[in-house]
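Top line first, the protein sequences correspond to chains A and B.
FYI, the numbering for the first sequence is 1 to 323, going by the working numbering.
FYI, the numbering for the second sequence is 1001 to 1377, going by the working numbering.
Treat the hints with caution; some may be incorrect.
What the hints assert, rightly or not - Computed cross-link-like contacts, SDA-like style, restricted to lysine to any residue with a CA-CA straight-line distance of at most 25 Å:
(1) K251(A) - V168(A)
(2) K1169(B) - M290(A)
(3) K321(A) - L1008(B)
(4) K313(A) - W1136(B)
(5) K321(A) - A1242(B)
(6) K1140(B) - D2(A)
(7) K251(A) - I170(A)
(8) K313(A) - K1140(B)
(9) K255(A) - S155(A)
(10) K321(A) - G1082(B)
(11) K1140(B) - L1008(B)
(12) K313(A) - G1082(B)
(13) K255(A) - G156(A)
(14) K233(A) - L75(A)
Said to hold, decoys possible - Here are some chain B residues the structure puts well away from chain A; computed CB gaps all over 10 Å:
(15) V1114
(16) L1133
(17) R1141
(18) G1142
(19) V1146
(20) R1166
(21) A1175
(22) G1184
(23) D1333
(24) E1350
(25) R1367
Claimed, not checked - Stretch by stretch, here's where chain A covers chain B in the computed footprint (C-beta under 8 Å, at least three residues):
(26) 1043 to 1052
(27) 1288 to 1297
(28) 1321 to 1331
(29) 1334 to 1340
For the record, the hints were derived by calculation from the structure and aren't laboratory data.
Just so you know, these numbers come straight off a predicted model, no measurement behind them.
Glycine included, C-beta positions come from ideal geometry on N, C-alpha and C.
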Amino acid sequence: MDFFHVLVVLLESTIRVSVPLVFAALAGLFTERAGVFDIGLEGKMLGAAFAAGAAAAVTQSVWIGLIAAILISVLLSLVHGYASITQRGNQIVSGVAINFIVAGSTVILGEAWFRQGGRTPALAEGARFQIVNFPGADAAREVPILGPIYADLLSGHFLLTYLAFAMVPISWWILYRMRFGLRLRAVGENPGAVDTAGISVIWLRYRAVICCGILCGFAGAYLSLAMTAGFVKGMTAGKGYIALAALIFAKWRPKNVMLACLLFGFLDALAIRLQGTPLPLVGQVPVQLMQALPYILTVILLAGFIGKAIPPKAGGVPYVKER
Amino acid sequence: MSTPYAKLPGWVEYGLVPLINLAVAFIVAGLVVLLVGENPFEAAYHLINGAFGRGEYIGFTLYYATTFIFTGLAVAVAFHCGLFNIGGEGQAYVGGIGVALACLWLDQTMPWYVVFPIAIVGSAFFGALWAFLPGWLQAKRGSHIVITTIMFNFIASSLMVYLLTRVLKPLGSMAPQTRTFAEGGQLPKLDWLLSIFGLNIGTAPFNISFLLALVAAFAVWVLIWRTKLGYEMRTMGHSPSAARYAGIRESRITVIAMMISGGLAGMMALNPIMGEQFRMQLDFVQGAGFVGIAVALMGRSHPGGIIPAAILFGVLYQGGAEIAFEMPSISRDMIVIIQGLVILFAGALENMFRPAITRVFAMRGQRAAAVVQTKGA
Chain A
1 MDFFHVLVVL LESTIRVSVP LVFAALAGLF TERAGVFDIG LEGKMLGAAF
51 AAGAAAAVTQ SVWIGLIAAI LISVLLSLVH GYASITQRGN QIVSGVAINF
101 IVAGSTVILG EAWFRQGGRT PALAEGARFQ IVNFPGADAA REVPILGPIY
151 ADLLSGHFLL TYLAFAMVPI SWWILYRMRF GLRLRAVGEN PGAVDTAGIS
201 VIWLRYRAVI CCGILCGFAG AYLSLAMTAG FVKGMTAGKG YIALAALIFA
251 KWRPKNVMLA CLLFGFLDAL AIRLQGTPLP LVGQVPVQLM QALPYILTVI
301 LLAGFIGKAI PPKAGGVPYV KER
Chain B
1001 MSTPYAKLPG WVEYGLVPLI NLAVAFIVAG LVVLLVGENP FEAAYHLING
1051 AFGRGEYIGF TLYYATTFIF TGLAVAVAFH CGLFNIGGEG QAYVGGIGVA
1101 LACLWLDQTM PWYVVFPIAI VGSAFFGALW AFLPGWLQAK RGSHIVITTI
1151 MFNFIASSLM VYLLTRVLKP LGSMAPQTRT FAEGGQLPKL DWLLSIFGLN
1201 IGTAPFNISF LLALVAAFAV WVLIWRTKLG YEMRTMGHSP SAARYAGIRE
1251 SRITVIAMMI SGGLAGMMAL NPIMGEQFRM QLDFVQGAGF VGIAVALMGR
1301 SHPGGIIPAA ILFGVLYQGG AEIAFEMPSI SRDMIVIIQG LVILFAGALE
1351 NMFRPAITRV FAMRGQRAAA VVQTKGA
């Protein structure tokens, strides 16, 4: 296999594994910009994936699956919102709790309802997302260089994949060009000022949390309705935490979020690709090192050695109105 | 954080409020059991029977509790300093290296009472080492401790897979684990302790590290409430700015608190490695680091609360296995749900019922005051 072909295959799988990261990291972007830390991305994604798999298996409809995913994810977000906005509880603790509740209940409910060892039944063609092929993709494949790029990189993905990458400029537009976004960011930096302007901090934060739920719903639906045909227990496998890392790595900015997710996705794809093959100069790289690399990079970034990641000022602090 | 709640009597604050939160968590868990189509009371019966029904079961319950005392104390120590150490899982995992090295080095030549102290130091050292970097990064570079400790959990997991598949695995073996230790690397069971109560330990791996956990709990109490360092830690936890004005060296205290926390988490590794399996396996921590968060929240970060909370989770782990055996539709993942619910209700929503409880006690207080007044007049 020549180098170009390998590169195209690698980039294609990079895109495939980055999609849930992009959705989840953008979800985190909305809440964290509004001053609500969210460790529960993992749990929401997992819950959404399960809801999608279960609903699609029962109704044989991919759209009902998607809606179920979004509903469950928003519901979990609201639990997090209730604990951290209304009850002013510790946001980290709440996120951890949600992760556990979901990790356990998806297995228990899945086993009780479908009896397939925590899986949902494999989905038929109509009940999952299909690959979208651009016109003339097969014919164009023969064209050197541009052909494979068009046929394999641009065409041949799921609808949700295109949506994920479209969400990046959309999120940017919402956060930086809409009044809602301006207020949302303000509430994460200085909620007192927003309150003084007569805007409800509580309601604004709830809306941010709901946005987060919707996007996590897409992330989960992608996992169980597109990437695989059905839900498998624990299928998020730490992707929520990687998304969190990507969000910090991106310094809470939409475009950087996409790039960070693509970078972490690329590392993931590369790790699978390189398993057992020695590299020139360095010899064989342990696959574990490649797997740990996103986390190591994030720690190095957090340490301030690659720029400085400054979180939203009011992040993690519940808003108390009096005084 | 501003708490606009009136001060409640001690027994309400440390007894009633956690109990109510716990009860709600269990009621919600019962609803899940109902949803699965099983009887929650039957499940509760199997839980209690599975945890206490026989000497052997009690041995298992206390074996799990031992693990959770260590991880609960680890989380609590960091809590007192205002730090949320989510990395107990990784610290315990890496702490295993210290235990394994001590055992692999000395198990064939030395008796357990020589190996054990070395393993204690080793586990605490490696655990503290894994907590040192996040602590240092928080103190010196302002990196958020929650995020760094999460990252370190994943890094620890990759590191341990690497070590167990490439370095610590004996030659010619396929399984990712160390060799089985000889007698020197095996802790004696506490069968005599149970036989005082007329119980037979059976095959339960309840071992001497339980006593170490109790000693550690006492040591943590002394540290937090009876030493200068503990006072400084609590000051920092309550008000970092007050600590700064008082001339407490924040970064030093942060790093020390994290290392103590990591050391305690690391010592957890003694229990499964030297006490049960007599070898280090992949994933031997099995989420105990996260259970520590629930235990510390339940126990209100006080050793006197952590020990019962750890025993409660021991009951859940051991009794949960019995439920899974008796009622096949409820697997051990039920424990994970309960754990999450306890963290939610005892942690994030701890103040949900407080206004109502405060009101009840305020009313009682008023009535008592009224009685005193009428008597006085």
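Quick rundown of the hints versus the structure:
1. K251(A) - V168(A): Roughly 15 Å between the alpha carbons, so the hint for K251(A) and V168(A) holds.
2. K1169(B) - M290(A): Measuring from Cα to Cα gives roughly 21 Å; hence the hint holds.
3. K321(A) - L1008(B): 24 Å, holds
4. K313(A) - W1136(B): The given pair, whose Cα atoms are some 22 Å apart, holds under the 25 Å limit.
5. K321(A) - A1242(B): 23 Å, holds
6. K1140(B) - D2(A): Distance of about 48 Å is beyond 25 Å: violated.
7. K251(A) - I170(A): 18 Å, holds
8. K313(A) - K1140(B): Holds - the C-alpha atoms of K1140(B) and K313(A) are around 19 Å apart, at most 25 Å.
9. K255(A) - S155(A): 22 Å, holds
10. K321(A) - G1082(B): Judged against 25 Å, a Cα distance of about 23 Å means the pair holds.
11. K1140(B) - L1008(B): 38 Å, violated
12. K313(A) - G1082(B): 18 Å, holds
13. K255(A) - G156(A): 23 Å, holds
14. K233(A) - L75(A): 20 Å, holds
15. V1114: It holds; V1114(B) is separated from chain A by about 34 Å at its closest Cβ, greater than 10 Å.
16. L1133: 8 Å, violated
17. R1141: Check fails; 5 Å does not lie beyond 10 Å.
18. G1142: For G1142(B), whose nearest Cβ neighbour in chain A is about 8 Å away, the distance does not exceed 10 Å, so it is violated.
19. V1146: About 5 Å separates V1146(B) from the closest Cβ of chain A, which leaves it inside 10 Å; violated.
20. R1166: 7 Å, violated
21. A1175: The claim stands: A1175(B) keeps its Cβ more than 10 Å from every Cβ of chain A (closest is about 17 Å).
22. G1184: Given that every Cβ of chain A is farther than 10 Å from that of G1184(B), nearest at about 31 Å, it holds.
23. D1333: For D1333(B), whose nearest Cβ neighbour in chain A is about 4 Å away, the distance does not exceed 10 Å, so it is violated.
24. E1350: Violated, because the least Cβ-Cβ distance between E1350(B) and chain A comes to about 7 Å, which does not exceed 10 Å.
25. R1367: 29 Å, holds
26. 1043 to 1052: violated (count 0)
27. 1288 to 1297: holds (count 3)
28. 1321 to 1331: holds (count 3)
29. 1334 to 1340: holds (count 7)
Going through the hint list in order, the structure does not satisfy hints 6, 11, 16, 17, 18, 19, 20, 23, 24 and 26.
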